[in-house]
Every structure is written in structure tokens, then in C-alpha cells.
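Taken in sequence, the protein lines are chains R and C.
Heads up: the first sequence at position 28 corresponds to 28 in the UniProt record's numbering, and the numbers run straight through without jumps.
Heads up: the second sequence at position 80 corresponds to 80 in the UniProt record's numbering, and the numbers run straight through without jumps.
In short, the hints are calculated from the structure, not lab data.
These numbers come from a predicted model, not from an experiment.
Wrong hints could be hidden among the right ones.
Same chains, same label: a pair holds when it works inside one copy or across any pair of copies.
As the list claims (entries may be wrong) - Taking lysine-lysine pairs in the DSS-like style, the calculated list, with each CA pair at most 27 Å apart, reads:
#1 LYS35 x LYS131
#2 LYS38 x LYS23
#3 LYS6 x LYS59
#4 LYS56 x LYS35
#5 LYS6 x LYS102
Number of protein chains: 2
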Amino acid sequence: MEFSSKLLERAVNEMSQLPGIGKRTALRLVLHMLKQPKTQIQALSEALQSMRNDIKFCKSCNNISDVDVCEICANPHRNEKIICVVEDIRDVMAIENTSSFKGLYHVLGGKISPMDGVGPHDLNIESLVHKVKEGQVEELIFALSSTMEGDTTNFYIYKQIQAYNVQTSTIARGISVGDELEYADEVTLGRSIVNRIPFETSLKS
Amino acid sequence: MEFSSKLLERAVNEMSQLPGIGKRTALRLVLHMLKQPKTQIQALSEALQSMRNDIKFCKSCNNISDVDVCEICANPHRNEKIICVVEDIRDVMAIENTSSFKGLYHVLGGKISPMDGVGPHDLNIESLVHKVKEGQVEELIFALSSTMEGDTTNFYIYKQIQAYNVQTSTIARGISVGDELEYADEVTLGRSIVNRIPFETSLKS
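So that you can see chain R by itself, here it is in the shape it has in the complex (with noise of 0.2 Å):
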């Protein structure tokens, strides 16, 4: 691609670099921003930068915020015996949407991945195992995807702590609500015949 300015030409190509944009995407964004006004522009770098220099992740469960100790984390109505292992912080903002959890996070950052070069030191696994050796948990719920790296992560972690006195339970995998028996996949049907619960049980959630 030729540009017939270097200033756009250096736009598009830093635009260029953040996932999933290429380089006619970029150009179509950073053409749009040619078109508002400045304060605008200035605005979002600013807002970029100051969210990129200033962010903080939480001391205690790796959240992302803007003070030492998260809202989740520093909230005493929570229940601080009950934790919620994530990959990351979207994640965390999903669980929260729903408002059936009322327990703690823990954001890994990540799943353990060889292939990508991501191996358990990469991830806060030390800290949460830290946590249960300090007899600070009852109870572990593995809420990773569920892929090989995600259960991978899981069985790492679930070593690491089988030792001490922690309940653990991962989310319960099966067919979505509204969907349709015929189309879902024989895993996950399988699984949900396999894990059946009480009709009573599911009378009340």
C-alpha cells in the first residue's frame, strides 16, 4: 500500500499492529478520525496512555483497577472462603454480569500453553496456591475454558493443592439454555446426560 503522506503512513501502521486490524481497516479508522476534531483524537491517545501507564492490578486476586485492592476483593459483604479461578479479567466482568457469584476472584492472566510459550510461572498460579496453603479457602471453582490448555491449567493447579484441605468443582458444562438438543455437539451432550441433576434442584435456579 502507498500513502502520499508519511503521518498517515506512520498512523496506519501503528493502528495496524493491534490484533485483528489490518492495514485497510486501519486505513478506514484512521481516515475516519481525519474527519473529527481534534479534541477528539487527543482524547483517546490520551485516554490510551494514562490507562496503560496508571492501571493497577489488584494485590490480592490480579483484577484490573485503579486502586491497590479491587472493589470484589475489598467488599466485606463477599465471601472471601469461596474463589473463582479466571483466565482473565473479561471473564470476571461476565460472572459478575449474571450476579450469581458472591464469592472472590482469582485472574490467572492466562492458560498454560506450551505451544505459545506460556508455562505456569507465566501465570499468577503461585499466589492462589499461597492463598490455600494459608488455609484462606474452602473452596476452588475452576471456571477456565474448556480447551487442553484450559484443562491443563486446571489439573496443574488441582495438583499443587490436592494436599491440603480445599474443596474444588469446576462450572457445570452442558446444553445451553434455549438451545436445541439436535444441534449441540455429542461431548457436551454426553457430559450433561452424565452429569444429570435433580429435577428439584433445577426447579430452583
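Given chain R's structure and the hints, the job is docking chain C onto it.
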């Protein structure tokens, strides 16, 4: 969407103002940025700001440029008597990529579109008509997209310059090279038959 950090929320809100980028995509991009070195985010911010603040539009053709007169207009080897009228700078880049045009361009900056509140006076039509009036132009090539708005714009300009001694043409509409006839739409196929060209001519291009 509830955010655990105001800084994050602000960054997501600013990013999601860009066209085609919703809150979820913005969050994904912003979380990606958090994992990048601070210098990279700074480079992105600076590139966007300096582009928005310092970029110029060519005085002659309205193309984006770093200097007052763009490279194309300043090139003495190009034929200044032939002007290709396009909608925006992306069209200039697309035509330049083909290396088949050696005249100059005139970038309108949009199409006449009453539905979107864009009238003739919002576009760079006046300066084009001025060029024609001064007798600087021998041929105008209309290369706008073949939509109602494009046709309206073509016709508006044509009416303005009709009285002067200038040839006008539009780019050829027809079946794309490599396309199967059976999948072409009727209008395109019909036009391609009405506007057929001598076989000898087609051998040369």
C-alpha cells in the same frame, strides 16, 4: 458493561467511538494494549495525534499530503490536462496501484447525499469547476462508485461544466476480469453488452 477501573472504562469508551468497533472489540483491543510495552502505546498515541494535527490537504487536488502540493500534482511527468474525479483518498490509492493512469486527481471528499445531509457545497466541487473554467482541463474522468449518490454527483458536476470545452468520460462498467457470466447481475451484464468494445482494442489492454 461494568468495569472494575475508570481508566479502563474511559479507554474502552473512546475506542468504541471508532466506526465498526463496539464495546466488546474495544475491550479486547484495550486489554491487548495493556500487555504491550508502554513505548508502543505512546508511539500509537503520538502517531494519531501528529497525523490529526499536522496532516495537510493538497491545495490543488485535495489529496492527503505532508506538503502544500501533493507528490502527484507536483510530478512534472504527469498529464495535468486529464483529471480523474474520485470520492476519497482511498480511491486515489487504488487507482495509483494499477499504474494505468498518468493524469492528475481531484478528490471530492464524499458524494452528494441528501439523506446524510451532504450537499454539493460540502464537497470540493467548486475548485474543480474553477479549473475547468480556466481551460486547464481537456478531459474529466468520473470515477465515483456506481450508486445513486455517485450518479447524482457525476450529473451535478456535468451540468456545471457542460458549457465549457471539456471532454467527460466515466470508468467502464462491466464484468470483472475472471468473473463467470452466469453470476453477474443483470444491470452490469446488460451494460457490458451495450457498451461493448472492439475486440482489437481489448487485445491491447
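Right, here's what the structure says about each hint:
1. LYS35 x LYS131: between (52 Å within a copy, 25 Å between copies)
2. LYS38 x LYS23: both (23 Å within a copy, 22 Å between copies)
3. LYS6 x LYS59: between (43 Å within a copy, 18 Å between copies)
4. LYS56 x LYS35: Answer is between: at 13 Å across copies they meet the 27 Å cutoff, but 34 Å inside does not.
5. LYS6 x LYS102: Answer is between; shortest inter-copy Cα gap is 22 Å, intra-copy 53 Å.
Violated hints for the displayed structure: none, as all numbered hints are satisfied.
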